[in-house]
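Undergrad: Chains A and B are the protein sequences, given in the same order.
Quick note on full-length UniProt numbering: the first sequence kicks off at 1 and runs consecutively.
Quick note on full-length UniProt numbering: the second sequence kicks off at 1 and runs consecutively.
For the record, the hints were derived by calculation from the structure and aren't laboratory data.
Predicted model only: the values in this text are computed from it and were never measured.
A couple of the hints might just be wrong.
Stated by the list, open to error - Here are the computed lysine to any residue pairs in the SDA-like style, where the Cα-Cα straight-line distance is at most 25 Å:
#1 75(A) / 353(A)
#2 412(A) / 193(B)
#3 359(A) / 63(A)
#4 267(A) / 153(B)
#5 267(A) / 158(B)
#6 100(A) / 36(B)
Chain by chain, the residues:
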Amino acid sequence: MQRRNSRWLIGTGLAVAGALTLSACGSGSGFGGDSADSGGELTSDSAQGLNVLIGSSGDAETASVNAAVAAWSEKTGTDAKVSVASDLNQQLAQGFAAQKPADVFYLSTDALAGYASNGSLLAYGDELANKDDFYPSLVNSFTYEGDFYCAPKDFSTLGLVINTDLWAQAGLTDADIPTTWDELAAVSKTLTTDGQVGLALGGEYARLGAFMAQAGGSLMNEDSTEATANSAESVAGLEYAQTLLNDGVMSYASEIGAGWGGEAFGKQLSAMTIEGNWITGAMKSDFPEVNYTVAELPAGPEGKGTLQFTNCWGIAADSPNQAAALELVEQLTSKDAQLTFSEEFGPMPSIQSAADEWKSANPTLVAFLDGADYAQGVPNVKGAADVTSDLNAQLESLKTGDAQAILDSVQKNLEALLK
Amino acid sequence: MSTPARTSRRSGIRGGETASGWLFTAPMIILLGLFLVIPVLMALWVSFSDWNGRGSPFGGTVSFVGLDNYSALVGGGGLAEQDFGTALRNNAWYVLLVVPIQTMLSLLLAVLVNRQILRGRGFFRTAFYFPSVTSSVAITVLWLFLFSSSGAVNKLLAFIGVNGPNWFNDPSGVLHNLLAAFGVDTGPAALTGNTFLGISFWEWLAGPSVAMSAFILMAVFTTSGTFMLLFIAALQNLSGDVVEAAMMDGANGWQRFWRVTLPQLRPTLFTVLTLGLIGAWQVFDQIYTGTQGGPGKTTLTPAYLSYQAAFTNQAWGQGAAIAFILFVIIVVFTLFQRWLLAERGVSARRMRPYLPIPTSGGSK
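When you get a sec, could you build the whole thing from the sequences and use the hints?
TA: Below, the structure is given as structure tokens:
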């Protein structure tokens, strides 16, 4: 018995050793290779085509990006292929681990710090020809430890979306569109009826954070170098939201049986919602019969405030043809390309020079773009996504919770990230 | 025992058997080694390293960091520890409820459909087994609809006058809710003041959240069929003689089940409990497709947390460390359960009713 056991062990040991050797051969030069470092010359192996990996919102976006990339490919003679990721984070991570990542890809502000800190990304921002055209707050969102990493693809801000029919039914006019916190509370009250709440929104930082901004607060300062989550201003913002919730004039979408603010609004469970410009697509396809208008968010004690969300075009540090990738990104963020994207699937252009044309093409959505002047980005320090998801978990019970205690815990968690 | 083995190995006609044996098992050993053993060893290394997801984990820039990843999870005092504690809390309640309920239910179903007098047994067996063959993603989506705030389940509850909860959006713990019904809103200071793995004992005792309860129902619904099948197979293997003998001795149906049938099902019970434990501790699909840890992190599980740490936060070492802690937990639970179900001699107290009555005073 003893004897057989030891033979079995030796056998397994041999098999494992053999398999290890095999796998070592498989990855070949990948072992220990650490070729790319940002700075210096861009790689330009023109024999290699470009792979573009996107996380698409739907067919319209896929077709639009495909067409733009194909046009560029035709013009420059460089092959480029667009793939749609089913799980962008996972596919990116696999590519980086194998050192064969997509050359150009969508990258969220959440993911920037993780990939920038492990050297996966090329910090090409300063080499962009149209660098100064981007909104400065967007550039800030994609600046990590002083380096401007990637070109903002487009962006969204939050606005106040109002159901015009319900508005008129309640006897309100255009003059009543709220511009202050008090007015917002008042119209929300007027619009709250049996089976319908005045204002519905998602119970998360990405919506409630706008109230904090209006009160002059934020989670972190602009450069994400200092945590400011439990400042008196931030607390005031959250307490205002808490008051609206407790007065019954504002509800979380989930409380009234909707997945998000747009659904609650479309189903007319609420007369107003706070959402970004992506709501226009959902309204057109799911609730075409609902008439609505968009206003800027009302100003708080410290003036106007909203949040902005954005993605960028990341370029991999391991890309063999970074020069071509950079050219492609410049093309995709150009005024013409962004206005076409906007027309085909709705995002707002990330460059200032396209603003006027966008406003004249989308007169009803001007409020969203006006928000860009005072919009606040979300923190992009490494690990911030965890902290905001913890905050979101706590915000679900904001109604009965203590705003100060919630933000104190966020402050503690953010400070831990900065150490 | 060893003597015949030695002689057989020496004999000429069987000399090549060992080599052939290895040859025949080699494909499986290589496949298992390549796709199971090596990845597991690699993950073990990652859990002790500072690999950040770029390039090979064996590259020159990756260094050994000892137990750093583990200590951040079990004693770091930060968000990582708190999340891990929350995930363990959620999953522990899930296991505590899912495993016993699914085992009992599947045994009950097996006994029911195994009865000779039941008409249409085939139909019932198929019907009960059906949820198990459906993909868990499809069932999760179905569940999200059924348990939405205006879904079928709440409509049904409203029918009998109960105002149903907003299932998948309700982060409140079931036990806390129960206590609140008796006017207990906050725990004693001894429970709220002291913490384990970053969350207070009062939070540990919250019970599964309402959202998690919906997942518990789903797990019971989907897995009972599979385990029912195992129990049916075992029941059909039992010989009728023993039961008949028990009948002759005057045991009623209840006694026959508890004293005769169930003890004979011990090996199957062990299998079912072990598989149930493993499955319940590794719950991932439902969370990934359903709630992604929400509401209020009350459906966060270690398996999902591990995925999230690695793929969205680039904390690969921590993700691997969570996976290995989970592995240890599962092994410990299985061993404990094996010890619990081990065959033991019947205690004297238990045995007493069955012993012949001593004829005291016979010698007088």
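Undergrad: Each hint needs a verdict: does it hold in this structure or not?
TA: A quick look at each hint next to the structure:
1. Simply put, residue 75(A) and residue 353(A) have alpha-carbon atoms about 24 Å apart, close enough for the 25 Å limit, and the pair holds.
2. For the hint pairing residue 412(A) with residue 193(B), the CA-to-CA distance comes to about 18 Å; that is within 25 Å, so the pair holds.
3. Proposed proximity of residue 359(A) and residue 63(A) is supported: the alpha carbons are some 24 Å apart, at most 25 Å.
4. The hinted pair formed by residue 267(A) and residue 153(B) meets the criterion: a straight-line CA distance of about 21 Å does not exceed 25 Å.
5. Restraint check for residue 267(A) and residue 158(B): the C-alpha separation of about 21 Å stays at or below 25 Å, so the hint holds.
6. At most 25 Å may separate the alpha-carbon atoms for a hinted pair to count; residue 100(A) and residue 36(B) meet this at roughly 24 Å.
The structure is consistent with each of the numbered hints, conforming to all of them.
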